[in-house]
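Keeping their order, the protein sequence lines are chains A and B. Okay, so the first sequence: first residue is 1 according to the working numbering, each after it adds one. Okay, so the second sequence: first residue is 1 according to the working numbering, each after it adds one.
None of these hints come from the bench; they were simulated from the model. A hint or two may mislead.
[Stated by the list, open to error] Heads up, simulated DSS-like pairs for lysine-lysine below, C-alpha to C-alpha not over 27 Å straight-line:
1) B:Lys-54 - B:Lys-195
2) B:Lys-70 - B:Lys-40
3) B:Lys-61 - A:Lys-78
4) B:Lys-61 - A:Lys-106
5) A:Lys-128 - B:Lys-195
6) B:Lys-95 - A:Lys-52
7) A:Lys-3 - B:Lys-95
8) A:Lys-102 - A:Lys-129
9) B:Lys-66 - A:Lys-52
[Unchecked claim] A few chain A residues that don't get close to chain B, going by computed Cβ distances all over 10 Å:
10) Ser-15
11) Lys-43
12) Ala-82
13) Lys-102
14) Ser-132
15) Leu-157
16) Gln-173
In this text, a Cβ means the ideal position worked out from N, Cα and C, and glycines have one as well.
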Amino acid sequence: MKKLFFALIGVAFLSALSLSYFLTARDAHTVEFSAPAITEVGKGMLIGFTVKATPGSGRVLVNIENAFYREDVENSIKKAKAIAGDYLGLNPNGFDLTIELKSSQKIVGGESAGVAFVTAIAAAMSGKKIRSDVAVSAAVDERGNALAVNGVDEKILSAIELEKNYFIVAESQTILHEQTLSKSIQIVRVKNAGDAIKLMVE
Amino acid sequence: MKQTLAIVFGLAVILAFFVGYEGTLKNGVSAGAGAQELNKEIRVGLPGLDDQGKGAIAFVKVRLAKGSGKVFIEFSQGEPLVGDQTQSSIQTAFKVATKVAKELGAADADGVDAFYTFETDSDSVSGKSAGAAMALATIALLTGREQKENVLITGTIQDDESIGAVSGVLEKAKAGRQFNYTTILVPVGTSSAVKQEQVCEREQQEFTTITRCQTRSVPVDIASEAGITVIEVANVRQAIEYALK
């Protein structure tokens, strides 16, 4: 009887060990998204990124093959990870994130992709995806509040050219030609990154 | 008795789950970053200057994984921000390192991704002066050679494998000595420096003594001034002779 019991414990132990392995050794989840930007000559464009989340220890790895990242972008990414984790109620240190640019740029700078990074990281960590018909340009502060950015008119124009249906901005954002631009795209104002996540992540 | 056995059973299952889960996470067993580890990692000192212009030693950890030639830097919480000039330097260092390692017979020089993580008390690392150090560290990993622990290097890395001049070599050499390095490799022409020295002359006159001071540039031999062996190297291949075992 005792032998049977210890044999059962051994089997249960090995089963639990195997189950835990398979639960964590799942495939990485990759999300594609675009961040509106301004070129050196002041033209708007959408830069494609991928964010991959895997179970890990909180590392954020950025591929510098296609571009160099200014320090404000690095700060933006660090903030975005913490905010996404807070929103989802997940420990961001339970994930490794790998961020890559889809095309070559010289330098990526500015904080205007802050909310975009938050939504992409939230999608990657929760195994979901980002709507392809939405673009967002807003910076984010440590509390997740969405902040206004520069050059938003040009960015909205580039989103229209790429046939996006919605463009998300911070509540406080000034748009010089809002009336004209909103005839071609729906402009949505958000207070914080959480609101953007609700709209963009599916 | 039955209750005790049931508790033991439950605890065994919970413990197994916990051990498996944590162990899997720590070993990075996933299809993500670090999944295909080559188990190759190295940590090397980087001489630099702090905000006050004083010499300091930061560290870079270089890790290789099976891949396709991508280069990653780590931006995690607690790690310093990495300036775009340093990023450019990392790219060049990796390109040069894979080329040199292949010529030295490294079998898998093309099939790796590299990961660079910086450790420093500063909030950020900037500039290109760590280029040569990162190239050497990457070559060490690719060729399976160890780096000598008591040798430092400072200098930029160029596409043609040459090591370019940097500023503050004297301060960096002094910092190296403080961290118990015995040798520093420097770019050609930088083993001596100039320091500003105040020189005063006294002139005794009838009722008084006049002291005249002026600041002069005085040549300095860095090895003597810093108390460390200084060796000039023109390129990465020369540096390999001194820095790798």
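Hints, verified against the model:
no.: 1; hint: B:Lys-54 - B:Lys-195; in the structure: holds (14 Å)
no.: 2; hint: B:Lys-70 - B:Lys-40; in the structure: holds (16 Å)
no.: 3; hint: B:Lys-61 - A:Lys-78; in the structure: holds (20 Å)
no.: 4; hint: B:Lys-61 - A:Lys-106; in the structure: holds (25 Å)
no.: 5; hint: A:Lys-128 - B:Lys-195; in the structure: violated (60 Å)
no.: 6; hint: B:Lys-95 - A:Lys-52; in the structure: holds (25 Å)
no.: 7; hint: A:Lys-3 - B:Lys-95; in the structure: violated (61 Å)
no.: 8; hint: A:Lys-102 - A:Lys-129; in the structure: holds (17 Å)
no.: 9; hint: B:Lys-66 - A:Lys-52; in the structure: holds (17 Å)
no.: 10; hint: Ser-15; in the structure: violated (8 Å)
no.: 11; hint: Lys-43; in the structure: holds (21 Å)
no.: 12; hint: Ala-82; in the structure: violated (7 Å)
no.: 13; hint: Lys-102; in the structure: holds (13 Å)
no.: 14; hint: Ser-132; in the structure: holds (23 Å)
no.: 15; hint: Leu-157; in the structure: holds (27 Å)
no.: 16; hint: Gln-173; in the structure: holds (27 Å)
Consistency note: the structure conflicts with the earlier hints numbered 5, 7, 10 and 12.
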